[in-house]
Each structure stands twice: as C-alpha cells, then as structure tokens.
Amino acid sequence: MMSVPFVLFACAIGAAWLRQRSVSIGFWLVGVVAMLVLFRVHVSEVLSIQL
Amino acid sequence: MSPELSKLLNALGLIAIGAVLTMAFIDQVWFGELPCPLCILQRAGLIAAGCGLMLNVVFGPKPSHYGITIIGAVASGAISMRQVLQHIVPGTGFYGPPVWGMHLYTWAFLFAVAIVIGSGLMLLADRQFSQMQSVSGRLKGIPLIALLLFLVLALANIFSTVALCGTGLCPDEPVDYELFHMND
Chain A
0 MMSVPFVLFA CAIGAAWLRQ RSVSIGFWLV GVVAMLVLFR VHVSEVLSIQ L
Chain B
0 MSPELSKLLN ALGLIAIGAV LTMAFIDQVW FGELPCPLCI LQRAGLIAAG CGLMLNVVFG
60 PKPSHYGITI IGAVASGAIS MRQVLQHIVP GTGFYGPPVW GMHLYTWAFL FAVAIVIGSG
120 LMLLADRQFS QMQSVSGRLK GIPLIALLLF LVLALANIFS TVALCGTGLC PDEPVDYELF
180 HMND
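First to last, the sequence lines map onto chains A and B. If you count by numbering that gives the first Met the number 0, then the first sequence holds residues 0 to 50, one letter each, in order. If you count by numbering that gives the first Met the number 0, then the second sequence holds residues 0 to 183, one letter each, in order.
You may find that some hints are simply not true.
[Stated by the list, open to error] Okay, the calculated bits of chain B under chain A, using three or more residues with CB under 8 Å as the criterion:
| no. | stretch |
| --- | --- |
| 1 | 5-16 |
| 2 | 26-39 |
| 3 | 54-62 |
| 4 | 84-90 |
| 5 | 141-154 |
[As the list claims (entries may be wrong)] Part of the chain A face toward chain B, derived, beta carbon under 8 Å:
| no. | residue |
| --- | --- |
| 6 | M0 |
| 7 | F5 |
| 8 | A11 |
| 9 | I12 |
| 10 | A15 |
| 11 | Q19 |
| 12 | V22 |
| 13 | S23 |
| 14 | G25 |
| 15 | G30 |
| 16 | V31 |
| 17 | V32 |
| 18 | V36 |
| 19 | V40 |
| 20 | V45 |
In case anyone wonders, no lab produced these hints; they're calculated from the structure. Glycine is no exception: its CB is placed at the ideal position from the N, C-alpha and C atoms.
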C-alpha cells in the first residue's frame, strides 16, 4: 500500500514521456492525495513537544 | 531567462532531487539503514516535487509546473517537520544515525525548503514563459538524462517499498524486508 504514491508518480512520469500533460498532472494529483492519506494513517498519535 | 536555460536549470534541479534519492538508497542498501514510513513518504514528496520540474523539462516552463513543484516540496517538508518535531524534545530518541551533524529527516526538510525557494526564484524570470512552443522538442542531453534518472528512481522506490513493507502499511521501525519473509 505504501508503494501506491510511487506507482502513481511513475505513471505521471510515463504519461509525460508520452506527451500527455493533463494525464500526467492527474496522476500526480492522485499521487499527492494518496501520499497525504498514508501520512495521516501513519501519524495517529498526538505530537508531544511539551518541555 | 530563455526557455532553453530554464529547461536546463529544471533538468539540473531534477538531477539534484535524483542525487538525494540516490543517497537515500545508498544509505538503505549499503549501510543497511531501513527507511521508516515517514522517511518513505518524504521520498514520495521529493518525487512529487520533482514531477513539476519534469513537466518543465518535457513541456517547457509554465507557472503551473512550478506550482506542482512547490506543492510537492511543501508536502515533503511537512512530513519531514513532523518527524523532526517527534524527536525534538531531549530524551525522545531519534531515527537513524546523523549525517554531517543532522538526521536525514532534518536534511529532507532543508532540501524541501530549498526547492520552494528555488521555485520562487525561477518564477521571478518572466521571459521563460514567453516562448513556450520553442522548447517542446525531442529531449536530448542533460534533460534526457535527468528524466531517465527520475523515472528509474521512481521505479526503484516502488520495488524498494514493496520489498520493505509488502502489500500493507510499513512497520514503524522496520528491521527487515517483509517481502522476503512472507512465508515465515
């Protein structure tokens, strides 16, 4: 599951290689959303920075 | 700044991101420092930022491509900062050994800031956006090398992440590659 953003970004690179700009940006956007969702899933505890 | 010079600078920026990702791989493979989940997401963030530079290289410079780079770098920087804050209080430990005095997540945060500043500086040069049609030709030389390096590193990260985490989420502190121990 953690590899999903990389797969989507690789698809974005592939689409750019094939000169499909809109498709590339679409893959990038979904990749960023996937990355942020995974970030949220992995960071569940409250940050404790009290001295 | 001419579109050709902008394209070259973007290609060099892409190579710089590739160099950072390559160093992360060297740390992982050569020194056996397995990346934590946040470290993997920081790599993803750098690739997200690199996508904007890649679009500039392939399609010519556009403000929207720099926007993509900045968004990717901010996401990567936010993830890095979360990890910095996780260990900022004395006695809360750290992840991985320091490299040149700072941990890799601190370096990743500084690199993300540098990408944002670099993109901001590039956006100041208006002339690069005036002749966009002239630079959408066939890739060769440094831009081609940069694009190939970027593609290879994105694919390598897919393989590395699947090997490390299998098909699920990554353990907080990985000790071995999950893929090679699925039947244990």
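Violated hints - listed by number, lowest first: When the structure is compared with the hints, numbers 1, 11, 12, 14, 17, 18, 20 turn out to be violated.
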